[in-house]
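Residue numbers (this note's numbering), protein chains in the order written: chain A, 102 to 448; chain B, 102 to 448.
It should be emphasised that the hints constitute simulated quantities derived from the structure, not laboratory data. Careful, some of the hints might be misleading.
In this list, chains with the same sequence are indistinguishable; a pair is considered to hold if it fits within one copy or across any two.
What the hints assert, rightly or not - Straight-line alpha carbon distances no greater than 27 angstroms define the calculated DSS-like cross-link-like pairs of lysine-lysine that follow:
#1 Lys130 with Lys396
#2 Lys429 with Lys130
#3 Lys224 with Lys142
#4 Lys289 with Lys130
#5 Lys256 with Lys429
#6 Lys429 with Lys224
#7 Lys379 with Lys396
#8 Lys289 with Lys396
#9 Lys224 with Lys256
There are 2 protein chains.
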Amino acid sequence: MTQHEGPMRVAVLGAGGLGKAAARIIGAKRQMRLAAICDSKGIVASPQGLKAALIAGISGDLVGGYRAAEGGSDGGGVAVATEVDARHCDDPVGAMLQLADGLDGIVVALPNLPNEFIPNIIKRCVTAASGLVFVDVLKRTRAVELMLQLDPIVKASRSVVLTGCGATPGTLAAAAVLAAQSFIEVEKVDIWWGVGIANWEAYRATIREDIAHLPGYSVERAAAMTDAEIDELLERTNGLLELRHMEHADDVLLQRVGVVDSPEQVEVGGVMDTRHPKKPVSTTMTLTGITIDGKRSSHRFVLGDETTMAANVIGPALGYLKRGMWLKAHGLFGVFGCTEFLPMVVR
Amino acid sequence: MTQHEGPMRVAVLGAGGLGKAAARIIGAKRQMRLAAICDSKGIVASPQGLKAALIAGISGDLVGGYRAAEGGSDGGGVAVATEVDARHCDDPVGAMLQLADGLDGIVVALPNLPNEFIPNIIKRCVTAASGLVFVDVLKRTRAVELMLQLDPIVKASRSVVLTGCGATPGTLAAAAVLAAQSFIEVEKVDIWWGVGIANWEAYRATIREDIAHLPGYSVERAAAMTDAEIDELLERTNGLLELRHMEHADDVLLQRVGVVDSPEQVEVGGVMDTRHPKKPVSTTMTLTGITIDGKRSSHRFVLGDETTMAANVIGPALGYLKRGMWLKAHGLFGVFGCTEFLPMVVR
Numbered sequence: 102m103t104q105h106e107g108p109m110r111v112a113v114l115g116a117g118g119l120g121k122a123a124a125r126i127i128g129a130k131r132q133m134r135l136a137a138i139c140d141s142k143g144i145v146a147s148p149q150g151l152k153a154a155l156i157a158g159i160s161g162d163l164v165g166g167y168r169a170a171e172g173g174s175d176g177g178g179v180a181v182a183t184e185v186d187a188r189h190c191d192d193p194v195g196a197m198l199q200l201a202d203g204l205d206g207i208v209v210a211l212p213n214l215p216n217e218f219i220p221n222i223i224k225r226c227v228t229a230a231s232g233l234v235f236v237d238v239l240k241r242t243r244a245v246e247l248m249l250q251l252d253p254i255v256k257a258s259r260s261v262v263l264t265g266c267g268a269t270p271g272t273l274a275a276a277a278v279l280a281a282q283s284f285i286e287v288e289k290v291d292i293w294w295g296v297g298i299a300n301w302e303a304y305r306a307t308i309r310e311d312i313a314h315l316p317g318y319s320v321e322r323a324a325a326m327t328d329a330e331i332d333e334l335l336e337r338t339n340g341l342l343e344l345r346h347m348e349h350a351d352d353v354l355l356q357r358v359g360v361v362d363s364p365e366q367v368e369v370g371g372v373m374d375t376r377h378p379k380k381p382v383s384t385t386m387t388l389t390g391i392t393i394d395g396k397r398s399s400h401r402f403v404l405g406d407e408t409t410m411a412a413n414v415i416g417p418a419l420g421y422l423k424r425g426m427w428l429k430a431h432g433l434f435g436v437f438g439c440t441e442f443l444p445m446v447v448r
Numbered sequence: 102m103t104q105h106e107g108p109m110r111v112a113v114l115g116a117g118g119l120g121k122a123a124a125r126i127i128g129a130k131r132q133m134r135l136a137a138i139c140d141s142k143g144i145v146a147s148p149q150g151l152k153a154a155l156i157a158g159i160s161g162d163l164v165g166g167y168r169a170a171e172g173g174s175d176g177g178g179v180a181v182a183t184e185v186d187a188r189h190c191d192d193p194v195g196a197m198l199q200l201a202d203g204l205d206g207i208v209v210a211l212p213n214l215p216n217e218f219i220p221n222i223i224k225r226c227v228t229a230a231s232g233l234v235f236v237d238v239l240k241r242t243r244a245v246e247l248m249l250q251l252d253p254i255v256k257a258s259r260s261v262v263l264t265g266c267g268a269t270p271g272t273l274a275a276a277a278v279l280a281a282q283s284f285i286e287v288e289k290v291d292i293w294w295g296v297g298i299a300n301w302e303a304y305r306a307t308i309r310e311d312i313a314h315l316p317g318y319s320v321e322r323a324a325a326m327t328d329a330e331i332d333e334l335l336e337r338t339n340g341l342l343e344l345r346h347m348e349h350a351d352d353v354l355l356q357r358v359g360v361v362d363s364p365e366q367v368e369v370g371g372v373m374d375t376r377h378p379k380k381p382v383s384t385t386m387t388l389t390g391i392t393i394d395g396k397r398s399s400h401r402f403v404l405g406d407e408t409t410m411a412a413n414v415i416g417p418a419l420g421y422l423k424r425g426m427w428l429k430a431h432g433l434f435g436v437f438g439c440t441e442f443l444p445m446v447v448r
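Same shape as in the complex, but just chain A (with noise of 0.2 angstroms):
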């Protein structure tokens, strides 16, 4: 890794919904530039940073999503376009490791069933390349778990990989983290969060992954699931998925700062409508515990209806990405969680 002045150089893993929002999050910063993004089947890169409006517009194929846009681009795309690596191949991840000399951070929005799936590829990125920074928004309290494992390596490589830092685990249990000040015992932290969103083709393994929650369901059975299984299932709840006893990593990554003793003190749960883009519910952390003078209270950190969940996942793992560049550059390598640091204000 070569030192870099300027704007931080982001890839993003991953071009689905998540990551296309990651995409278009990055191109309103000035002080982070999009590098590269791929999907399952290629890359689009530049150095100069790429067009994240037009990525954050492409269906489909990110690659020839990315060709046919530019194609039909006037004149102007021309010069641009040719400073554009843009092609199809077997192993994304490895043509963007290929880049890792140009690249500060990535953003890893990839869905992640099963669970060792986003940390082999933290492990894979590490061992190839040193010095780069990693986020992800990782919600199973697992796969949270598997990234932890790896900080001898991410520390042996000279990396930083800021886990389970989008809105749940990320801001809310950071803001439990504040909440917990307060008081001399937690007894118990709840979230409750409220998803809505228009059609749910646009985010698949999102609501892939959270079907998984539900009773009778499992990762494994979620990830075999078909389109036409998903859609059959969301017919016959009106289109909303109400999910209690959540496995989210808010839990561990709680326990491991000391807000609460015991995974069980940690409780979330939401309800998701994939029909309609107003949330059911206002997503809320409460965090219930008791005062020096013995008195029992509730502190509560509660998102604007109007955000959306691109909004308040996306927007905080930029801040930790920030943020685990700072570590970075104070020669704090390691695999830290969301409720280890504050965020940094991306501008």
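Since the structure of chain A is already known, use the hints to place chain B on it.
Chain B in isolation, oriented as in the chain A frame:
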């Protein structure tokens, strides 16, 4: 400073309402030990740790109160008493500095009238001793600005200062950093606090500092008021103090990390009821911004009404003090604000 294993050895500067609350809360933490406390007339210290509950129960003169309480205790107290240094002195800060080798951290819970009072004490301390970690709960913008200016001499002394680390600024400003992550542009941060205290005599200094924010008052005028004059003022307002456009350092601390461009985007106000312990309004931080989708929305952080000012100010201060120990352990010296890091949980 010698390296020390075991509980963090903490001294408290100040033995008013907040200083005694600090003693009491430190007494409830196994990771901290109250090694010393002083007021303007003397110091009480013990390398083995003071009886925090006894200290918290003293009213009036600290040393006299301590001697009376120990004298009044049964035989079991005598052995401890012999190891406690409780004495009146002309320069309690100097007396505490002589104990610096046996201290890890210092909670500054002194009243801060005039603005330069606490910054000058910190300056004196870091000049006299190296490797200490300080936390303050300063509120005024000007006072925090003075603290931040001490960065070079704090760094030179290999010390760490965490400034503005109570409730506001403190937890609520840090919550604003979290909330900001979801937005492309932050428009406004509104902090509206409620405090209820049964009798203002217990928090004379805090209330005097609040009166300085009232229209027509100043820091100097509030400092010069007699208790009778304050009683008279509170009589006219039925015990309520409603404050708006407060000069609170949340503004510079949020600007410093890029949450806002200008201090004018941060508004701090609130209502204090000096006659009832119930909060007249719920303390709430509201951050309003514009998302990537162009939607205006607000995230909120709301403190439970049953939590006291002492719990919400001193709890976070101790969490930031632990963060300061972490910073020092990693060779990161200097002055930091509450918006730069998450406080750590102190068990």
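Verification of the supplied hints:
{"no.": "1", "hint": "Lys130 with Lys396", "verdict": "between (44 angstroms within a copy, 17 angstroms between copies)"}
{"no.": "2", "hint": "Lys429 with Lys130", "verdict": "within (21 angstroms within a copy, 32 angstroms between copies)"}
{"no.": "3", "hint": "Lys224 with Lys142", "verdict": "within (21 angstroms within a copy, 60 angstroms between copies)"}
{"no.": "4", "hint": "Lys289 with Lys130", "verdict": "between (36 angstroms within a copy, 19 angstroms between copies)"}
{"no.": "5", "hint": "Lys256 with Lys429", "verdict": "both (10 angstroms within a copy, 20 angstroms between copies)"}
{"no.": "6", "hint": "Lys429 with Lys224", "verdict": "within (18 angstroms within a copy, 31 angstroms between copies)"}
{"no.": "7", "hint": "Lys379 with Lys396", "verdict": "between (36 angstroms within a copy, 13 angstroms between copies)"}
{"no.": "8", "hint": "Lys289 with Lys396", "verdict": "within (14 angstroms within a copy, 32 angstroms between copies)"}
{"no.": "9", "hint": "Lys224 with Lys256", "verdict": "within (11 angstroms within a copy, 37 angstroms between copies)"}
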